[in-house]
Every structure is written in C-alpha cells, then in structure tokens.
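Chains A and B, in that order, give the protein sequences.
Note that UniProt numbering has the first sequence beginning at 1, numbered continuously upward.
Note that UniProt numbering has the second sequence beginning at 1, numbered continuously upward.
Treat the hints as calculated values from the structure; they're not laboratory data.
Beta carbons are placed, not taken as given, at the ideal position from N, Cα and C, and that holds for glycine.
There's no promise every hint is true.
Said to hold, decoys possible - Now the in silico label distances, taken between C-beta atoms and shown as ranges:
1) E270(A) / G295(B): 23 to 29 Å
2) E195(B) / L267(A): 47 to 53 Å
3) T87(B) / P154(A): 37 to 43 Å
4) Y168(A) / E380(B): 42 to 48 Å
5) E113(A) / G295(B): 42 to 48 Å
6) D390(B) / N379(A): 54 to 60 Å
7) Y326(B) / S319(A): 34 to 40 Å
8) S176(B) / R387(A): 43 to 49 Å
9) R387(B) / N86(A): 41 to 47 Å
There are 2 protein chains.
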Amino acid sequence: MKAEIITIGDELLIGQVINTNASYIGKKLSETGISVARIVSVGDSEKDIIDELKYAFENFDVVILTGGLGPTHDDVTKSAICKFFNTGLVLNEDVLNQVKEFLAKRGRTELNEANKSQALVPEKAKIIMNYWGTAPGFLFEENGKIVIVMPGVPKEMMGMMENFVINYLSKKSTGSVIKQKVLKTTGIPEAYLYERLKDTVEEIEKFCKIAFLPSALGVKIRITVKAETKEKADALVEEAEKKIREKVEKYIYGVDDEELEMVIGELLVEKGLKIAVAESCTGGLIADRITNVPGSSKYFERGIVAYSNEAKIQILGVSEELIKNYGAVSREVAEAMAEGVRKISGADIGISTTGIAGPTGATPTKPVGLVWIGYSDKNETFAKEFRFGDDRLENKQRASQMALEILRRKLLGIEI
Amino acid sequence: MKAEIITIGDELLIGQVINTNASYIGKKLSETGISVARIVSVGDSEKDIIDELKYAFENFDVVILTGGLGPTHDDVTKSAICKFFNTGLVLNEDVLNQVKEFLAKRGRTELNEANKSQALVPEKAKIIMNYWGTAPGFLFEENGKIVIVMPGVPKEMMGMMENFVINYLSKKSTGSVIKQKVLKTTGIPEAYLYERLKDTVEEIEKFCKIAFLPSALGVKIRITVKAETKEKADALVEEAEKKIREKVEKYIYGVDDEELEMVIGELLVEKGLKIAVAESCTGGLIADRITNVPGSSKYFERGIVAYSNEAKIQILGVSEELIKNYGAVSREVAEAMAEGVRKISGADIGISTTGIAGPTGATPTKPVGLVWIGYSDKNETFAKEFRFGDDRLENKQRASQMALEILRRKLLGIEI
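Based on the sequences and whatever the hints tell you, model everything.
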C-alpha cells in the first residue's frame, strides 16, 4: 500500500510552524508496512485542499490529512472534505458529550459556539474520537481507498494515531514490511565515519539501504530493509547492524529514539550510581536533558548552573585563586567544578562544563566554541578540551552531548 | 512570483528527520514577496526528484530544492539535476579550494574521495558557494524560471540563503509583498483568546488574515497582509496589531521570533536587576532557556536544579521541617526555594518551580501536572498553583513558560 500525507495550513507554507506531524505520521506508516510516497503541504484554501486530495485519492491507497479542524474561522478542512465526498454536516451527540467532558475536566463547564461546532461532523464519515482535545477526526472509505482526517495539534493527532489509526491500517496493510533501525553515533564527523564504514556499506547494501544523517548531536546511521515478513526484515536489519558495529561500536551510543540521556540513565540505575552536574557554558541544558527522562530523580542528585564566578566559588568550592590564575574557562576550573559538585553533593560522579558559548566573551587565546568538559569520580578527576563552532545554541548542544558521551564511555569502560 | 519547495530525502518520508528546512525557506520566500504555493517531500530517488522537478518547473516561477547533495553514496540530487538540465559534471577549482580551506580550518589537511567529489559541479549551473560545509549549491535559469539547489544540512542551507539566495530572489521578485507578524500570548487557552477577539478579528479581516496557532508555550496570533508595497503592508499590519492589543495586551509577551527568555532578558538589563533560579520539576529548563540568550551572564546569577530534598535543604536553605510538613510540592516549599535562592545568591529576584512532572510521583492529592511556581523579590514572596497535563516534557515546557511569564508580568507591573 502506498500513501500520501497532506498537511494543511498557511502556517506551514509561510514557515510559521515546523511540520512535525508529517514526520511522525511518515514514521508510523512506514512501520506498518505502508510506504509513504510523498508528503505535500498546502494552505488553508478549500480549493487547494480539494485539488491535492483528488490527486492523492487517484494515485495512492491511503491519504492522511491533518490540520485545519480547529474551532476558529481559518480552519476550512471540514468543509473541503464535505465537498470532496459530497456530504453534509450533522450533529454527533457522542462527540458533543466528549467535548463537554474534555472541557469539564479542565474546569470549564460552559461551551462557547466554537466548542459546540466541533460536534458537527460529515454525515458519511466514521468518527475518530479525540480524547486529547475537542476536534474529532474522520475516516472515509470509498472505492477501496482510505482517507483519514485528523486535527493538526500534534498531541491530538498522535493520540488518534496510537489509539485507532495505526491498528486500523495495520489490518488493511498487505505490502512488504519496511523496517528501519537507526544507530546513533557521536564524537566522529560524517566523512570519517563513512571512511571507516565504506567497505562494510558496500557489502551490506546488497540487502539493505544505508544513510548517514549528520546533526549537532552526532551522525545517525540509518539501516532500511524491505522484506516480505517482519521476521525476515528483522534478521536482515540485525545482520547489517552487526557488521556496522564491528567497525564503529565505540561511537554508537544508542538506537532509534534513544537519547544519550536515556542511555546514561539506564547505566546509572544499573550501577546504582548518582550524578551531579556543574554547568557553566551549557547553562542548565545537561540537567534539563537528564531530567527529561522519567525516573531521573533516582540518579540525578542536583545540578548547579554556576554562571557567575561567585557561584562557582560559593556553591562548588572552586578557589578564587584558581579562577584568577587560569581563568574560568580552563582545565583547572573544569576539574575543580566537577570534583566540587561531586564532593559537596555526595554524588558518585560529577561532570562539569566551562566554555565560551558566544557570540561574545572570546579572548585572543580563548575563541568562541572553546569548551572544557570535566569529569570526577572517586578514582580520578580530569577535563578534556573541545573546539566546537561559533553558534551559541549549537555549542550548548554539542557540549552537553560530549559531556554525556564522556559519562557514557566512563560508565562502560570505553576509551575516551 | 509563485514558488514550490522540494525537500529531498527518504529520511523525511520515513519520519527520521523533521522538515525544518521547508519552514525556514517558506518564511524567507514569503518575506521576499514570493508566495509559496506548495511544499513537497520526495525520497532519494532520481526518478521521483526529476518527476517533481518537472511538475514544479512547469507550474511555478521559482523552485527550491534541498537535500541529497552530501558526500555519501545515497545522495542522488546532483545526478537527477544533471539529467533534468541535460548537463554533465565538471571540476570546479574554486569549490575545491573552498572545501580544502573549510577542512583545514578544522585541522584536517587531507581530502578523502568523498570530500573531493564535492568539487564536481553541473556544467550549466551557477555555483552558490558553501562556507559552512563542503557541498556547494547550484542555480539554474532557463525559460524565465529559476531553480535553486542547496544541501539539506540546515546550517549550510541557511548560510546560502542569507548570503546569496534571498538577495538574488528579491531582485527578481515583482509580486505583491506578503507581510506577517506574530503576536505571542501565553496564559490563556485558544478558545478564550478567540472569544475575546472574535469581533476584532471580524473587523480587521477586511484587510488582513488572522490565524490562531496553539502550542505548549501559548497561542500565537498571526497577522498576514498582502499589499503592493512594503510600506502599505507595514501600515496594515500595524493597524491590525493595535486593534488586537487593545483587547488582549496583557497576554502578549512578544512578537515573531521573540522568545519569552529574550523579553525578560531585555527587561532585566533595562532595570539593572539580577535573577537566580531554583528548579525542581523543570529540571534546568528555565536556566537553559535563560542562557540561550547571548549576554545572559549580565543578569543570570545562578541556577540550582534541586532535584533531591537534600539539595533543597543544603543549597537553598529550605527547612527540613517545611518539606516534612507540607511535602516538596507545596506553596510553602516553592516560596522557600524562591526566597532561598534569591538571598543566598544575592540576586534581586528568585524564581522557583516544584511539581509532579510525571509520569510517576503522583499522590491522591497531588496529581501529575501539579506545579507550584514561586517568586521572590525584596518586597514580596509568593507562589501560584498550576495544573498542567500528563505529559512530562510538556509539563516542563509549560511550567518554564509560566515561571518566565510571572517574572515578565512582575517586571512590567502587570497583574498576574
């Protein structure tokens, strides 16, 4: 089965909103054995929606539309759909009750007109209930084709996908299974990773497809396999992964949606260790990432964002003299911060960052992008120097990633 | 002039990568007076790229392609382009030198084959130099149509857009100017905001278009205007903005790309005040957001991520008894955290968060999503209760936004 995803909204064309819905839906369909042939964004115009819907309906088996179902006047998807399927609107009591219940839970007992209009649904449609918002979704089946319409609010669309759409489409899907796995690396540039893997890629591409996807957090290696059954696809992916790991295991910190903070979280739980973090140039990003993981309170003792020298001295016990002699951005201060936060907090491991995030703050010997990352446990304390780029946010990202990667390698006994 | 944006890459269809490039390009074209009619994503397939390019070339004046120009084997855009324009590859010395220089700056003096292949360019193309990576961009003009091809790495594409493409297209653009402005609100749900603005929207939509865009950080109100000249467009936008502000000024914290952390940064600089932050449930996100702003070291004294009770007691001076009597998630502890971090750091203002981010940690009286936000200055200390949702990351986002919004309103003397 082939699918087209149509995402609707002027905000997408004008670039006001980033199209995360398309990538989420693309991923879910691919995993279900439905191949996404194209993704198209059109504006909030009845004509454009109907035109694109016609094209997609003629050329593909499944069409997924999102957006333009909200309670405000600029949302025209519902009327476009009604025209396309030649159907009218009727009041649906189930939807009305669901809207009431949804709002009541949020302490609002009175429905305004915008809220009530959500219960008007296309007569021909099967309803997809929305438990995460007020706009219901719709499903049409005609001439063996499936058209699914969902709101554009990511949480609501995702709720409907997971609660209903994926199951529904899985039962219909007869195509070969597309299976993908992503190996996430960090600490090695794309061209160097490719050089190490060139021969391996050539070999395994006989049965799979390999792509390299670089970002500030590292390079992802994506394996894609197409096979008749899930079992066959799994086996081929496993074989490709094994060959790649033989060459670059050290750099692979996780797979698929695994973030580095999840990986180190599992390792810390497994080893029963606690960490504390002392951040200067990363400004809280490391703590933020660590605490994005549910259950992180088990191993994350505290984070200190010691932006001022006073904070470094007062809460981390860094000596004033050290800062005066070497500067706040130095090996010595990074080490003192990591050791200080570990000892004062009573955690097993301390990590630290100090650097010039930019755009200001550089000196002739300390350019923007210079970052020292410190590590301390009961056996050793050290710091490593890095040169990232000249973009402030990217420097924060890359420094936080490298700090977590150093922690991962230490926890696993991998050379840094 | 009308444009189509074509973004290339299996990773987009399979949902491995979110299409931020399309939104960035859409925004820039709209601002240049070029109207983006559609955005299409296709896979790394020569045929699909050529097919879509044919359609776009026939129907629109400008076609922008990104992606698939990297140094690895899965990048096929260059060969597709060569076929479409019936041209061959030639070695370009300028590009080769630029690649060498780019890599030398990063300490790499030897080029591998992948690097060298970047200097092979379509003979018919005008070259767009890439100072941010190794793959050059290409420009073709034929039959009055413009086709621009750029790499998919966001930083490189953005560099080329800002350095060359926007200027180039501005000179060609003859269309009416599309001007947009976004007013960013927080602390009021979409339906309530719409209710307050319903009559105003009806009135001003005679000369502009209004859209409501909700997210975890608040609801954006987007004004879109089309006019013959930039001056006329500016005047109409200003008029619409004025009418909207008359009704909901209190909730508008910024415009366009302004983030709340930038707004409070400016206010703090203006007033010469310093802040310190004590975070529990937001886990460093507030500090991270504040330090995303260049120059934040001027007013951000420190951040404490007091995840453990020990940290709350040891570094913030919260009394053990208070935590025992009221629990860590309580008005009393939020107030003590905000006051503690302010007094200990010597900052003028302290803000704090303590809550149940989820998915675990809830009790019968303290559900997931319950958050107390504390504020303290020399005149007063208070905390406010919020109920967010059941999603951990969204709770962190919403709590960080509300904490910064409380700070903004206090700094401006707006009622909370």
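Hints, one by one, checked against the model:
1. Hint check: E270(A) to G295(B), Cβ distance near 41 Å, so the stated range 23 to 29 Å is violated.
2. Distance hint check for E195(B) and L267(A): the Cβ-Cβ separation is about 50 Å, which falls inside the suggested range of 47 to 53 Å.
3. For the pair T87(B) and P154(A), the supplied restraint of 37 to 43 Å holds, since their beta-carbon distance comes to about 42 Å.
4. Between Y168(A) and E380(B), the C-beta spacing of about 55 Å breaks the proposed range 42 to 48 Å.
5. The hinted range of 42 to 48 Å is satisfied by E113(A) and G295(B), whose Cβ atoms lie roughly 46 Å apart.
6. Between D390(B) and N379(A) the beta carbons are some 42 Å apart, a value that contradicts the proposed interval 54 to 60 Å.
7. For the pair Y326(B) and S319(A), the supplied restraint of 34 to 40 Å holds, since their beta-carbon distance comes to about 38 Å.
8. Between S176(B) and R387(A) the beta carbon distance is about 47 Å. The supplied range of 43 to 49 Å therefore holds.
9. Taken as a hint, the range 41 to 47 Å holds for the pair R387(B) and N86(A), whose Cβ atoms sit roughly 44 Å apart.
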